[in-house]
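Residue numbers (the working numbering), protein chains in the order written: chain A, 1 to 277; chain B, 278 to 820; chain C, 821 to 1130.
Worth flagging that the hints you see were computed from the coordinates, not collected in a lab.
Mixed in with the good hints there might be a few duds.
[As the list claims (entries may be wrong)] Label pairs and their calculated CB-CB ranges:
#1 C:ALA1113 - B:GLY537: 36 to 44 Å
#2 C:ALA1113 - A:LEU27: 18 to 26 Å
#3 A:LEU27 - C:GLN980: 28 to 36 Å
#4 C:LEU1109 - B:GLU428: 53 to 61 Å
[Stated by the list, open to error] Short, incomplete list of chain C residues facing chain B, as computed with Cβ under 7 Å:
#5 ARG824
#6 ALA858
#7 SER906
#8 GLY910
#9 LEU971
#10 LEU976
#11 SER978
#12 GLN980
#13 ALA1076
Glycine is no exception: its CB is placed at the ideal position from the N, C-alpha and C atoms.
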Amino acid sequence: MIKKPTPPSSSFSRQPVALAALAWLALAALGAGLASLLAPAGPLAVDTTRSLLPPGSNNPLGTDLFGRDVLTRLLWGGRWTLGMGLLGLAVTIGLGLPAGLAAGYFGGRVESVIMRLVDALLAFPGLLLAMAVVAVLGPGLGSVSIAVGLSAAPAYARVARSAALEVRAQPYVEAARALGGSEWRTIARHILPNTAAPLLAFAATQLGWVLLNGAALNFLGLGAPLGTPEWGATLNEGRGYLRDAPWVSTFPGLALTLTVLAANLLGDSLQEALQPQ
Amino acid sequence: MKRLIPILVLLSVLIAGCCDPLPPLTPTSTSEPFPSSDFTPTPIRLVYGLTLAPSGIDPHVNASSELGIPLTSMYDTLVYLDPNTGDFVPGLAEDWDVSENELVYTFYLREGVTFHDGTSFDAEAVRFNLDRITSPDLASQKASFMLGPYERVEVVDDYTVRIYLSEPFAPLIDSFSQVYLGMASPAAVEKWGSDYQLHQVGTGPFVFAEYIPQDHLLLRRNPDYAWGPEIYQHDAALADEIEFRFFVDPATRSPALETGEVDIMGEIPPQDAGRLAESDDFRIEAVPIPGVSLMFFLNTTRPPLDDVKVRQALLFATDRQAIVSTIFRDTSPVAYGPLAANTFGYESEVQDYYAYNPTQAASLLDEAGWKDTDGDGIRDKDGEPLILDMTLMGWGYMPEVGQLLAAQWSTLGIEVNSPPPVSYPEALEIAGEGRYHLIPFNLSGSDPDILRKFFHSQASFNWSKLDDAELDTWLEAAVRTSDWEEREALYSQIQLRVMTQALVLPIRDYVNLNGVNDHVQGLRFDAQGWFPWLIDVTASEIQ
Amino acid sequence: MIARYVGRRLAQAAFVLWLAVTLAFVAMQLTPGDPAQALLAASGATEQEIAERRAQLGLDAPLPLQYVRYIRRLAQADLGQSWLHSRPVGQMILEQLPATAELAVSAILVGTALGMALGILAALRRSSWLDTAATAVAVLGLSAPTYWSGLLAILLFSLQLGWFPAAGEGDLRHLLLPSLVLGFALAGSIARLVRARVLEVMEEPFVQAARARGLAPWRVFLVHVLRPALPTALTIVALQFGFLLGGAVITESVFARRGLGKLAVEAIIWRDLPVVRGVIVFGALAYVLVNLAADLAQAWLAPRLREELA
Chain A
1 MIKKPTPPSS SFSRQPVALA ALAWLALAAL GAGLASLLAP AGPLAVDTTR SLLPPGSNNP
61 LGTDLFGRDV LTRLLWGGRW TLGMGLLGLA VTIGLGLPAG LAAGYFGGRV ESVIMRLVDA
121 LLAFPGLLLA MAVVAVLGPG LGSVSIAVGL SAAPAYARVA RSAALEVRAQ PYVEAARALG
181 GSEWRTIARH ILPNTAAPLL AFAATQLGWV LLNGAALNFL GLGAPLGTPE WGATLNEGRG
241 YLRDAPWVST FPGLALTLTV LAANLLGDSL QEALQPQ
Chain B
278 MKRLIPILVL LSVLIAGCCD PLPPLTPTST SEPFPSSDFT PTPIRLVYGL TLAPSGIDPH
338 VNASSELGIP LTSMYDTLVY LDPNTGDFVP GLAEDWDVSE NELVYTFYLR EGVTFHDGTS
398 FDAEAVRFNL DRITSPDLAS QKASFMLGPY ERVEVVDDYT VRIYLSEPFA PLIDSFSQVY
458 LGMASPAAVE KWGSDYQLHQ VGTGPFVFAE YIPQDHLLLR RNPDYAWGPE IYQHDAALAD
518 EIEFRFFVDP ATRSPALETG EVDIMGEIPP QDAGRLAESD DFRIEAVPIP GVSLMFFLNT
578 TRPPLDDVKV RQALLFATDR QAIVSTIFRD TSPVAYGPLA ANTFGYESEV QDYYAYNPTQ
638 AASLLDEAGW KDTDGDGIRD KDGEPLILDM TLMGWGYMPE VGQLLAAQWS TLGIEVNSPP
698 PVSYPEALEI AGEGRYHLIP FNLSGSDPDI LRKFFHSQAS FNWSKLDDAE LDTWLEAAVR
758 TSDWEEREAL YSQIQLRVMT QALVLPIRDY VNLNGVNDHV QGLRFDAQGW FPWLIDVTAS
818 EIQ
Chain C
821 MIARYVGRRL AQAAFVLWLA VTLAFVAMQL TPGDPAQALL AASGATEQEI AERRAQLGLD
881 APLPLQYVRY IRRLAQADLG QSWLHSRPVG QMILEQLPAT AELAVSAILV GTALGMALGI
941 LAALRRSSWL DTAATAVAVL GLSAPTYWSG LLAILLFSLQ LGWFPAAGEG DLRHLLLPSL
1001 VLGFALAGSI ARLVRARVLE VMEEPFVQAA RARGLAPWRV FLVHVLRPAL PTALTIVALQ
1061 FGFLLGGAVI TESVFARRGL GKLAVEAIIW RDLPVVRGVI VFGALAYVLV NLAADLAQAW
1121 LAPRLREELA
């Protein structure tokens, strides 16, 4: 039952799953970026006489309740969703990375305080934390991005700390410290590059988490202004019509799920490929 | 291996200890005898689906209509309103009279009525209830307002009670027909204090058996009930138990009905109503709700809506039929005025006002000086673009209506700024501060005095920010006289004034779509539209 | 040794708890809106009545004093009364707890079982299509929004197939769909880490040695694969515990269940600080204790770590 495991493919490019994931993400980004060319009518073009039409020649993916073209809203929505994901991820890394690296590198009191703060934040259900942040910052996708980014930061800090701990034990780091110079320089020049691999991989999976929680906040009614074609929002709008007009929520739902799936699979592949042998 | 076992044991202890904490609520497993004097082979149990779980369910305190759905059959009221004739019939009060100056109401109470806890209902109980409702500590959100210019209550004898008003108040009898002024047991209120809402005691055909907040409310048949009003078709409840559950997510309501989880489900979304109506096993009972229709209040103190031409333009620019057809699937009638069409005192002339006419809307805007001078698609005036702030709440399809309005108006060069929907407390705050151009609301009520709550300059819900002395006078006069013709004439003037001044943008009359399993019979709703008379409800086959 | 470790961890736990409730206090203060006004607005109260209520709730005291009272109450194990419902917070939490605990535990069981199975399968058949398939299935659970997958599950399994009830609580059948939906999400995180850990362990020389010694494959599997995998799963579960307790509001809404998630969301909307504090305290306490238990269990299962602790 237990065979000797086959050695991992050393070349990242040979993993078809990773390639497929990358391809999807590229496609989504491309579609979002070219939305104004591909769907010039814009996502708010209402026509109530064409309400809830199934996919057809005029509307490849059908129309929603207000007669808006689903494909158009999907393409334009990509901007909002991917943008929210990237902004959130930036907040996560921007807060989590320095905190985690510092905790792992400096140890002692510093580590203690930072990790207790991380624990305290993790003890908060992420959704409630995000709600509280949005309540403070006011509504809007920007606040939602920051809020979900913030709630993903503690987990990221933990991973950063473990990575930093591993690298710190290496002899070359000891040597660098012995040579003197500022601690932060040491971190930047030695710790950071060598922790890049696991941190990059984790970042990819956190992207998925950020996207999903952003969509969850839309469900709870905090999020984009009305009519914004963000995928989570359109998915939520279409839920009520799931039996009569499944295309309204299926396509944004698939887009969202595939994107999160791709981010997760990419993260896993990166982790495996970049793992030091 | 040795170490795994303790962990597995621990896990299984945790599971055993925590799972299945509630006894399953199916009739076959209930072993306690049902308090029924009639011989019924199997108890009749129904499950009724409600929507939002209200934050409080004490009718003297809270204002939601949700609480009234179960509690209308748990409490009795002094009088009842017959929805067919529009007359008030005796309830706990066998008779009543009003003094010449309409300041003194004397109620002659029925004898032999007992609360579910065995105590007697008498004039002293009525006094206790009114004192409770009007006490400032209770912070009543609806009940005390329904009493209007109430001054005091006097116990004349054991079964006669007198109420004194400082001014005439026409809706008083109507108020006493609603669950918010239902009669609670003084003994129970005193016993339970701030926990009373979990242990409510009335005199009605059903007993308040159990309430777990957010989860369910259970009513059980009152076997001693013998004093129902003539509009009830039975002397005592037919069903033995009715359980109320909360379904916050609209998309799950129809599936819950169709899988048999519930027998009756309120507020079925319009898109599911067609399917249920056509099905053989279910039906839709569509109940129009009297009161104030779903409408947007236009803030008349905030430019550009301080200009009546702009407000009128908005009304002409709105294709209400398209809204009703698209969002509500024609299950609701279009609203043309502030009152729903089935409310007493409705002025049908409002239907001639503001038919959809985008050309007229455009010319009105031009007249008011709003033209698109810079070609950006948005009208402007003196360098200011025509942008309206719309505040919306997340229920009642307000977000959908808001989106469609924004789309319709954008073709006329009006831009709408609509942030994400806000919660009720936030909406109240925004309304109080006037930080909006448009804000929607709807409220149910059987007496047209409900208009005073919105259109009087001192009213708490004066969201159009009015200060119209003449309108104030009419509203105050209409509430002071009991002469129905006088009231009707005044309310007619009021409605026409509201519409000629374009103070609101009415959208649709509220219709509650109730999904009902075909084996349920006898479901009827009262004059408020929301509240069922559960005494007559039964199921033709036992589930 | 162990006692000292536990003692140290408990001290840390107290600190974490304090941090968490302080954060909650700060967050609620920063949120715009006046709780007294939110509570009384619907009753058409006058300015004066609102001011009186503010005083009654202690809201007009200076902030540091409010904070001290907030913490002192907590230290006396007094969760106070809800501002919205005027009921003891502890009781309100206890009412919602059974439903939440029931869902959390069954989601954990489903998620752990599924996650470990998928993770181990993927590791044992590494780089084959089975690996990819198992990983993809596991991650799929992580990738779909629960308000969508939950509704789809209801439409398919309740309405179409009639296998399960669509909503509510009561018995095991009511629990299955929501715990599947929630557990599937948990399974994803578990599977990926279990896979990594199992792969790591299988490379270890002592595993190779055991196989070379001719030990039965199932014994090798149990001792050398399952044992290191289980603590990994437990760690994830412990980390996600906060979410399972207070963040399952979406699952609660879709499946018409009561729970702490809904309670917390309502409290945030109405600025009901005592209830927010209560839920956070409860959640933080549970989180901290569960993590401590998981770490201890991990030490139990991995003797080397136990030595480290001593």
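Worksheet entry | Numbers of unmet hints, in rising order | 2, 5, 8, 10 and 12
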